[in-house]
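Position 60 of the sequence shown, counted from 1, bears residue number 75 in our numbering, the numbering being contiguous throughout.
Check the hints yourself; a few may be wrong.
[Unchecked claim] Restricting the straight-line Cα-Cα distance to at most 25 angstroms, the calculated cross-link-like pairs of lysine-lysine (DSS-like) are: (1) K89 <-> K36; (2) K23 <-> K41; (3) K89 <-> K54; (4) K36 <-> K138; (5) K137 <-> K29; (6) K89 <-> K108; (7) K29 <-> K89; (8) K23 <-> K108; (9) K23 <-> K54; (10) K81 <-> K54; (11) K89 <-> K138; (12) K138 <-> K54; (13) K137 <-> K81; (14) K138 <-> K108; (15) K23 <-> K36; (16) K89 <-> K23; (17) K29 <-> K41; (18) K41 <-> K108; (19) K23 <-> K137; (20) K41 <-> K54.
None of these hints come from the bench; they were simulated from the model.
All of these numbers come straight from a predicted model, not from anything done at the bench.
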Amino acid sequence: MRIIQSLKNIEHLKQLSTLDKDLLNKVDEDFQCMLNQYKSLDWEYSPEANGITVILEPGDTSDILKHIGISHIKDTIPEFVDEFDLRDTTYTKSLILFNNEYAVLIYANPSEIDSDFQNWIKKNL
């Protein structure tokens, strides 16, 4: 699991990670869009106050989400779950709200995560 709190984190992953570069470009684009939305509202984004972006990696299980406050993915109700294709791979982007200000955005290739995560995605698509 990779936790992203800044554009610098994404640039670091682009340079040193084995994660799909197209996925990292998509995360970068979405993250910049989010930052621009905060700027348009004259707010400053803070990962501590507003939330984080997470990329689940091959072999991760849904249990790893406990480290970011999601104890049981199957009991979590997302704000949305979207699918998108990059080359021949289907990824998902899921937004989980904790309150009015804090959210976690999760990117994953469900086929590379455990069956609990895959079932949660199917249920909420």
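Numbers of unmet hints, in rising order: As far as the earlier hints go, 1, 3, 4, 5, 7, 10, 12, 16, 19 are violated by this structure, in ascending order.
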